[in-house]
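Top line first, the protein sequences correspond to chains Z and S. For what it's worth, my numbering labels the leading residue of the first sequence as 1, then goes sequentially. For what it's worth, my numbering labels the leading residue of the second sequence as 1001, then goes sequentially.
Check each hint, because a few of them may be wrong.
To be verified - Stretch by stretch, here's where chain S covers chain Z in the computed footprint (C-beta under 8 angstroms, at least three residues):
{"#": "1", "stretch": "106 to 119"}
{"#": "2", "stretch": "178 to 192"}
What the hints assert, rightly or not - Capping the alpha-carbon separation at 20 angstroms, the derived lysine-lysine pairs in PhoX-like fashion look like this:
{"#": "3", "chain 1": "S", "residue 1": "K1159", "chain 2": "S", "residue 2": "K1121"}
{"#": "4", "chain 1": "S", "residue 1": "K1121", "chain 2": "Z", "residue 2": "K188"}
{"#": "5", "chain 1": "Z", "residue 1": "K5", "chain 2": "S", "residue 2": "K1164"}
{"#": "6", "chain 1": "S", "residue 1": "K1164", "chain 2": "S", "residue 2": "K1121"}
{"#": "7", "chain 1": "Z", "residue 1": "K30", "chain 2": "S", "residue 2": "K1036"}
{"#": "8", "chain 1": "S", "residue 1": "K1121", "chain 2": "Z", "residue 2": "K179"}
{"#": "9", "chain 1": "Z", "residue 1": "K5", "chain 2": "S", "residue 2": "K1159"}
Please keep in mind that the hints were generated in silico from the structure rather than gathered at the bench. Glycine included, C-beta positions come from ideal geometry on N, C-alpha and C.
Here is what each chain is made of, one letter per residue.
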Amino acid sequence: MSDVKALWQNQTVEEKEMITLSDIRDRAHKFQSRIRWRNVALYVYSAFNIAASFWLILSGRLVAYRYPMLLMIGAHLFVLWQVNRRIGARPLPEELAARTALDHHRSELERQRNALSNAWLWYIAPFMPALIWELAIRAITPNPNIPAFNNRIIVFYLVSGAIFFWTAVWLAFSRAALKLQLQLEQLKRVAAE
Amino acid sequence: MDTKQGRQNELYLQAAAEFGPALVRLAGVYESDHDKQRDLLQDIHFALWRSFAGFSGQCSLRTWVYRVAHNASISSRIRRRRATMLTLDEIADMPALNDVENEAGELRALERLRTLIRRLKPPDDQVMLLYLEDADAGTIGEITGLSPRAVATRIHRLKALLAKQFHDRANA
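Just chain Z, same shape as in the assembly:
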């Protein structure tokens, strides 16, 4: 058996594979700039949404929808903040060193599972008030140029489409959360040995 160990330990590690302090500084720089760019992207996306929505509201287009549109802007910003907080977060270096591999693995899986299983609350629910409001406006104020029956059909398709889309999103999140739960159960069994 020591022969397999020797084979493993004596494998050639090329000089270029080694990391220097200057590589670490480069990495730290990249790490900081990645966070900076992510924040910039977040701000640009938010600014674009807000500007476009305000332009639509102020120019008198889609007057009836101005309040739900404002609500939708708020929902977008809230969800972006939550995605950043819940999914993108990385463990702190002191956590990496203080936890055993089992604890660390479990807490990483739990963090992701919680984020996914509560997705209906932080990813789906924020869009619902604005969406329902917009659909209600569409149903209450039908387009006068289209026959009433066709208007009802359009509303029916819009509502069905929204239900189908958001159910699919919810199912995708739930499936991913369930897979993580199964991995967690396996780790719990290992920890109990």
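Add chain S to chain Z, keeping to what the hints say.
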């Protein structure tokens, strides 16, 4: 540069000199693609360097380095969601690898060993890696969080697995 950062750099350089090759071997198991290996290795070193800001001799340098390295690799693997890993029972039922002496040398044998570890589920892969790095059962328990009994059982089964997969070399 203040004294604190000087100490952090000093500890990092000591760890990198002592455990650098082991970290390359670890990254080689967690990632098969060379560029991703390099990326993971930089992630591990970066996490290690940052972690030394909080190191005050709570445990041995070896335990600290392996904990950070394994945990950083776990986080990276979860982010990439790699699948198709097997338990020790499932992998033991796989047909034995061909006699490594008949293969195209040590490189091939090493690649087979890496593949074998990659296919193991955590924490079996971590125990295998630490066992190959000559860590004793106590250290493996400290790093992985497994009980001494669980570590002993796993090492026993891993030895049997290695003997089966690399029988000629193991019996040499």
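Evaluation of the provided hints:
| no. | hint | verdict |
| --- | --- | --- |
| 1 | 106 to 119 | holds (count 3) |
| 2 | 178 to 192 | holds (count 4) |
| 3 | S:K1159 - S:K1121 | holds, 16 angstroms |
| 4 | S:K1121 - Z:K188 | holds, 14 angstroms |
| 5 | Z:K5 - S:K1164 | holds, 15 angstroms |
| 6 | S:K1164 - S:K1121 | holds, 19 angstroms |
| 7 | Z:K30 - S:K1036 | holds, 16 angstroms |
| 8 | S:K1121 - Z:K179 | holds, 15 angstroms |
| 9 | Z:K5 - S:K1159 | holds, 11 angstroms |
Violated hints for the displayed structure: none, as all numbered hints are satisfied.
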